[in-house]
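4 protein chains.
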Amino acid sequence: MPDNIFPLDSAKSFEDQEKLGHNRWHPEIPPVATVKPGDTFRVDCREWFDGAIVNDDSAEDILNAPLLTVHKLSGPFAVEGAQPGDLLIVDILDVGPIPQEDSGPLAGQGWGYTGIFSRNNGGGFLTDQFPDAYKAIWDFNGQIATSRHVPEVRFEGLIHPGLMGTAPSAELLAKWNKREGDLIATDPNRVPPLALPPEAEHAVLGGLDRGEWQRVGSEAARTAPPRENGGNQDIKNLSKGTRVFYPVFVDGANLSMGDLHFSQGDGEITFCGAIEMGGFMDLHVDLIKGGMETYGVKENAIFMPGRVDPRFSEWIAFSGTSVTLDGEQRYLDSHLSYQRACLHAIDYLVKFGYSPEQAYLLLGAAPIEGRLSGVVDIPNSCSTVYIPTAIFDFDVRPSASGPHQVDPGIGAPKAANA
Amino acid sequence: MPDNIFPLDSAKSFEDQEKLGHNRWHPEIPPVATVKPGDTFRVDCREWFDGAIVNDDSAEDILNAPLLTVHKLSGPFAVEGAQPGDLLIVDILDVGPIPQEDSGPLAGQGWGYTGIFSRNNGGGFLTDQFPDAYKAIWDFNGQIATSRHVPEVRFEGLIHPGLMGTAPSAELLAKWNKREGDLIATDPNRVPPLALPPEAEHAVLGGLDRGEWQRVGSEAARTAPPRENGGNQDIKNLSKGTRVFYPVFVDGANLSMGDLHFSQGDGEITFCGAIEMGGFMDLHVDLIKGGMETYGVKENAIFMPGRVDPRFSEWIAFSGTSVTLDGEQRYLDSHLSYQRACLHAIDYLVKFGYSPEQAYLLLGAAPIEGRLSGVVDIPNSCSTVYIPTAIFDFDVRPSASGPHQVDPGIGAPKAANA
Amino acid sequence: MPDNIFPLDSAKSFEDQEKLGHNRWHPEIPPVATVKPGDTFRVDCREWFDGAIVNDDSAEDILNAPLLTVHKLSGPFAVEGAQPGDLLIVDILDVGPIPQEDSGPLAGQGWGYTGIFSRNNGGGFLTDQFPDAYKAIWDFNGQIATSRHVPEVRFEGLIHPGLMGTAPSAELLAKWNKREGDLIATDPNRVPPLALPPEAEHAVLGGLDRGEWQRVGSEAARTAPPRENGGNQDIKNLSKGTRVFYPVFVDGANLSMGDLHFSQGDGEITFCGAIEMGGFMDLHVDLIKGGMETYGVKENAIFMPGRVDPRFSEWIAFSGTSVTLDGEQRYLDSHLSYQRACLHAIDYLVKFGYSPEQAYLLLGAAPIEGRLSGVVDIPNSCSTVYIPTAIFDFDVRPSASGPHQVDPGIGAPKAANA
Amino acid sequence: MPDNIFPLDSAKSFEDQEKLGHNRWHPEIPPVATVKPGDTFRVDCREWFDGAIVNDDSAEDILNAPLLTVHKLSGPFAVEGAQPGDLLIVDILDVGPIPQEDSGPLAGQGWGYTGIFSRNNGGGFLTDQFPDAYKAIWDFNGQIATSRHVPEVRFEGLIHPGLMGTAPSAELLAKWNKREGDLIATDPNRVPPLALPPEAEHAVLGGLDRGEWQRVGSEAARTAPPRENGGNQDIKNLSKGTRVFYPVFVDGANLSMGDLHFSQGDGEITFCGAIEMGGFMDLHVDLIKGGMETYGVKENAIFMPGRVDPRFSEWIAFSGTSVTLDGEQRYLDSHLSYQRACLHAIDYLVKFGYSPEQAYLLLGAAPIEGRLSGVVDIPNSCSTVYIPTAIFDFDVRPSASGPHQVDPGIGAPKAANA
Ligand SMILES: [Zn+2]
Ligand SMILES: [Zn+2]
Ligand SMILES: [Zn+2]
Ligand SMILES: [Zn+2]
Ligand SMILES: [Zn+2]
Ligand SMILES: [Zn+2]
Ligand SMILES: [Zn+2]
Ligand SMILES: [Zn+2]
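Residue numbers (my numbering), protein chains in the order written: chain A, 516 to 933; chain B, 516 to 933; chain C, 516 to 933; chain D, 516 to 933.
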């Protein structure tokens with residue numbers, strides 16, 4: 516294995532490690548290590564809640580998940596010679612759960628979790644239909660995931676980092692804070708909130724001088740959304756073998772990563788929506804000097820997915836349009852049409868004996884494809900969701916003989932909103 | 516070939532054929548033919564503008580495209596024994612351009628077209644950035660498409676019907692008219708409009724008694740949007756070998772189809788966005804009696820894509836988030852984030868020498884994948900667009916040596932808004 | 516469709532057509548047409564037995580199949596400017612059964628056949644185990660094949676020409692006759708024979724002056740084997756979208772083709788082993804001048820398979836080693852180890868209720884993969900055969916619950932050796 | 516990670532480990548551990564020469580490779596309840612190089628090797644053309660392999676065990692010795708030999724009482740060939756996610772494995788032909804009681820390959836027929852036709868600047884496909900070899916502009932036969 520430049524001890528909390536990472540974006544967080552273009556190195560990553568979610572049959576931990584503390588990021592790592600305007604090449608040579616540890620209390624030690632957040636604690640894509648908290652624990656066997664909470668499915672993980680990105684410049688950070696603050700101001704008391712403002716109390720800022728944490732923490736960006744620097748993109752296809760090109764906004768680029776997923780469906784629809792875990796990444800970095808101008812990149816990452824994703828050849832697919840459940844016609848709303856497509860898939864799976872929340876958890880965790888199929892046919896956009904039929908232990912196709920009945924087992928643990 | 520139950524003569528207009536199709540949805544349009552469950556049959560399909568778009572180097576025809584007349588549909592075809600509540604199984608055994616005719620004035624005779632509609636005539640996904648009309652003609656060589664208007668690309672078509680669906684019941688039609696009318700009423704003079712209301716003058720209603728055309732035409736639904744009956748879904752993956760399950764709303768199901776595409780990218784983003792053509796479909800139908808209840812289907816089609824799509828293994832992908840070009844933060848807007856992803860792809864391709872409209876036309880026509888990658892990370896949704904690298908005659912990947920320069924040739928014909 | 520430069524009338528025999536093809540290889544057979552580099556054209560192809568095999572439930576026609584008359588080839592087609600030493604580029608733009616004819620007495624009219632030749636009439640790969648003649652008729656539905664003689668399977672055809680190649684020079688032809696004659700001479704009375712010598716009586720030599728047929732026919736090469744010019748390679752992967760590079764041995768290259776297959780497994784193991792049919796090919800040709808030297812090609816074709824083959828993701832595979840059924844150890848004999856792998860697959864399928872000959876016919880016709888897995892591990896080579904599980908209507912995987920039992924139906928028709 | 520029931524210390528030789536494996540097949544070798552049906556466990560595996568091949572630029576070690584000592588196998592592992600006649604299910608949950616060790620003197624510590632054996636020491640598939648010894652060292656970066664000895668290629672490894680199998684019964688072992696001895700007796704002094712007889716001096720027999728080693732070693736089977744028990748099949752597709760069904764010949768099944776490969780082309784053509792390495796396997800076992808009879812299995816393994824192999828979509832392919840380089844016609848010899856196909860591929864690659872031995876080493880190591888394309892077209896079989904174009908850093912397709920010229924660098928180290 517390559518040199519591990521950010522080792523984590525599974526027996527210690529994120530803040531008690533030899534090297535301290537961070538959970539906010541800010542240009543003043545100093546690099547925890549420096550690498551050269553052409554270097555290969557390993558980085559350990561802690562699961563995003565640092566052990567708050569446990570391997571049991573209750574969803575109380577999901578109900579009370581400490582969202583102010585996320586994401587636990589490894590880095591930043593400076594790349595020698597990187598300057599604003601460059602493209603940083605990041606090759607994901609490998610990514611996986613915590614090596615050599617297949618049991619233990621920490622997600623990534625042979626298991627991971629998917630949660631449906633309650634509406635009062637972040638919510639999810641279908642929070643109107645699923646206002647309470649639910650959890651599913653997934654066991655890893657090689658690259659295969661199974662769950663006692665979602666029976667009769669098994670699938671190869673599409674392992675990837677949910678979050679990776681470069682540090683913002685001060686100007687870029689100011690822009691984020693302005694535009695997100697403006698959005699919050701339109702409905703400041705909304706539940707769930709429209710966006711998450713800076714928050715100093717739970718900020719962890721790596722090697723930054725402690726005397727600066729209050730000031731920097733009160734302006735550092737929360738890590739929930741993806742932004743110009745990549746960040747929490749939750750693109751399931753950033754799997755082993757992927758090459759990403761990130762824009763560079765500060766000297767050294769200051770790359771960070773975390774939020775590893777054993778698998779995820781397109782959209783990460785339950786919010787805590789992938790199979791969350793800690794683990795490791797083996798990375799190779801390089802630079803295209805001046806690449807942002809050369810390739811027309813201002814504010815986004817470019818990537819080329821790897822070649823070793825699980826290979827499926829048959830899917831059952833569901834479409835949705837931009838009409839609300841109440842029958843209201845919305846104008847070309849692809850977010851809504853994907854919600855409707857997912858609800859149609861859930862309606863279907865329920866006929867096989869799954870509870871609605873089991874079906875929802877499955878769509879969040881399995882390698883489903885979510886596509887923007889039609890975006891111009893006024894007034895309805897058309898989104899589609901594709902489920903590989905091979906993930907089911909039974910024949911999931913419609914037929915004259917009717918649906919197989921799954922034994923729902925102990926079901927998905929639930930914790931109701933107070 | 517199977518029996519052709521809806522033949523079209525390429526030398527005659529849609530309305531002068533032996534059997535008359537339709538261009539509106541209405542339960543009173545009588546079946547043009549009746550088939551049995553288990554039957555296999557062929558249907559010819561006319562291109563959606565019935566020949567108004569020609570194979571030349573001008574975009575005047577796109578500027579003035581007759582949107583009131585679309586889509587030219589084949590059918591309806593009644594299926595014996597089909598009743599409301601059933602699922603209609605439709606197997607797409609084959610679909611292709613007009614057989615045995617590889618040259619001529621009609622799209623489908625060895626060629627097809629992609630258009631960018633002007634803002635004053637429908638617009639498109641990126642109409643703010645591309646307010647004028649543009650056109651690209653694509654030549655077919657076997658399953659390969661190339662264009663004199665978009666040089667140095669060649670790709671295997673992903674041939675499919677943009678539109679297929681069952682007839683609505685009177686109740687369902689009333690629901691459509693109500694909800695779409697309500698939407699239009701919120702901004703009745705918008706350009707482009709929010710939705711398209713019934714319009715009797717250009718309605719074509721098949722074998723319906725002419726005396727009824729005015730009444731029925733004034734309540735029949737326009738075919739632009741996809742709806743509960745399937746319809747203009749523009750799902751590029753409905754290719755050869757696909758099985759679709761449609762809900763049945765009227766006795767006989769009354770299946771219709773048209774809007775054939777030689778290829779299309781996810782979203783059909785230029786509106787006239789696929790490679791439009793006429794051609795044929797070979798279909799096999801069957802029924803799952805009572806299948807809507809059995810499989811939890813109320814208002815959507817289910818489908819299983821075929822196995823013979825073009826196979827790619829390398830893509831270059833671009834992400835976008837829900838921040839407008841003006842920098843305004845929107846809340847989890849996947850429509851916007853896909854627009855931004857497509858604009859990022861265009862910015863990139865322009866660096867290789869394509870004009871922005873050439874790049875836009877290419878994204879509409881080539882088998883690109885559009886994915887809803889992240890839909891919960893407040894406030895930014897993350898959409899991604901994947902372009903297969905193999906469709907380019909050159910190496911399209913970013914590298915230290917910089918982008919290859921395409922010879923843009925004669926470019927894409929343009930016709931400006933008046 | 517492209518210009519058809521070799522049309523065939525399904526109602527007439529191969530020798531009564533407007534243009535006469537050939538069934539032997541000889542440099543003196545004159546071109547039936549001439550094309551230019553860059554040209555696209557259509558060619559009809561007659562099934563290899565010219566209608567001798569019929570769509571019924573008897574195998575008498577297979578027992579008496581007229582091997583002296585094959586293959587019925589379309590061509591030769593001269594390419595302007597082609598000279599010995601060039602590489603001829605042939606793009607297979609399309610290939611399929613007889614267009615617009617889906618019923619009729621000729622294979623290719625909506626159906627095709629697979630035969631097991633009897634040992635006394637050619638034999639096959641497993642002739643010691645299957646000395647009698649058998650037949651299976653396959654029906655085409657779009658790209659799907661099914662058979663009343665091999666129940667409970669259905670698969671997408673991998674349509675391709677079994678035979679395509681350039682004309683040999685006189686020198687090359689002499690070399691063939693010498694080396695094959697030498698082989699025959701080692702065991703001239705063997706049944707089945709070791710090779711097939713020239714035979715003038717049934718030779719068809721296109722536009723060659725009739726006065727020359729006896730002389731030329733007595734030296735022209737039979738078309739059974741693949742040779743330096745390509746020829747009867749029976750490579751299932753030469754499907755739509757394939758580009759082939761043939762060596763050129765005579766001025767004009769003189770390309771011919773035929774022996775179309777709706778599908779075939781690797782090896783074409785039953786000899787008449789694919790799903791045989793007539794049909795059409797759309798071709799595009801070009802030249803690499805001097806390409807044989809430039810690319811090190813002396814005596815073989817190079818090819819790049821197309822992108823639209825049926826896509827499978829799960830297979831059940833069987834291995835074999837080079838030990839005979841009698842237990843004799845052979846030295847690294849990959850032919851034998853593939854026989855043993857196929858026999859293992861047959862033993863397995865028989866447990867599901869198929870007759871051995873049904874299983875054998877299926878392996879010949881379905882898109883199975885045959886691989887040379889190990890060729891150096893003395894004394895045993897290891898060959899493997901992979902069957903896609905998706906071609907079966909039932910679950911074909913081994914499990915604790917034991918094999919599903921197929922209803923063998925009417926079985927595969929048999930005609931015993933006299 | 517699962518419990519490691521066969522740990523190996525990289526600093527110690529195979530024979531000095533805590534648990535001793537074996538390098539011969541014999542029913543009397545006692546199990547080194549016992550597992551239950553349903554168990555998951557890890558096993559370390561030593562590279563087949565136990566460190567004799569080193570990471571340098573000389574091929575002297577390949578010239579003198581100690582063939583009498585191979586293969587170093589882990590096991591045997593008994594499975595509780597397994598009895599002759601059962602099928603043993605083995606799931607390959609994971610397989611990879613030595614975990615957490617990416618540098619060091621042992622193959623598997625971040626690197627592996629491919630060798631061409633000299634004719635006097637085993638030879639290879641093309642030993643007549645390549646009589647001397649050559650070596651290539653491959654470096655691992657995540658799942659990517661590159662070599663300083665074979666420049667301008669890089670590919671994802673298709674990691675698999677070359678060897679896995681169950682113990683033979685005494686009867687089966689006697690059968691092997693008889694038939695292989697009979698073969699050797701036909702030409703006992705052949706170089707390279709026809710087969711490898713039992714040899715007691717270098718036999719390692721695990722936990723068998725030392726007093727028995729001479730007797731048992733003199734009848735135990737060498738591990739070079741694959742046989743009824745699986746064994747050294749060198750099937751490149753036994754990668755992560757594969758399920759294998761082995762016949763059981765002795766109580767407990769007594770499963771053993773080793774000979775790990777980071778990658779291999781079909782055939783493992785250079786003999787030491789894959790990228791050889793040590794590493795680990797994570798396995799899950801289960802039983803189908805009486806499965807041999809139920810599924811018609813007498814003497815072979817059945818397997819279902821995994822879903823996460825590297826995915827390619829474009830290949831350049833070469834065919835070969837059963838005519839020797841000297842022009843002699845052989846009868847349907849697929850071994851020969853695959854040799855000729857490989858030689859054609861080498862002739863082609865040489866035109867790009869590779870030395871013949873670099874090309875040969877590449878074909879052995881990269882994930883090439885070797886297919887039995889035609890096996891019945893007397894007198895020529897047709898074999899084909901497919902090279903994925905994406906493994907090259909340059910465009911490897913034939914074109915009018917001629918081949919790119921590779922910088923062959925230091926070349927592949929050579930050691931000539933004395
Ligand atoms: Zn995330
Ligand atoms: Zn996450
Ligand atoms: Zn459409
Ligand atoms: Zn359309
Ligand atoms: Zn053939
Ligand atoms: Zn044939
Ligand atoms: Zn081996
Ligand atoms: Zn090996």
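I should point out that these hints are in silico values taken from the structure, not numbers from a laboratory. Among the clues, some could well be false.
[Stated by the list, open to error] Not the full set, but computed from the structure, chain C residues with beta-carbon under 10 Å of chain B:
| id | residue |
| --- | --- |
| 1 | D617 |
| 2 | R634 |
| 3 | D824 |
We put the CB at the ideal spot given by N, CA and C, even for glycine.
Hints, one by one, checked against the model:
1. D617: holds (5 Å)
2. R634: violated (37 Å)
3. D824: holds (7 Å)
Figure legend: structure checked against the earlier numbered hints; the only hint not met is number 2.
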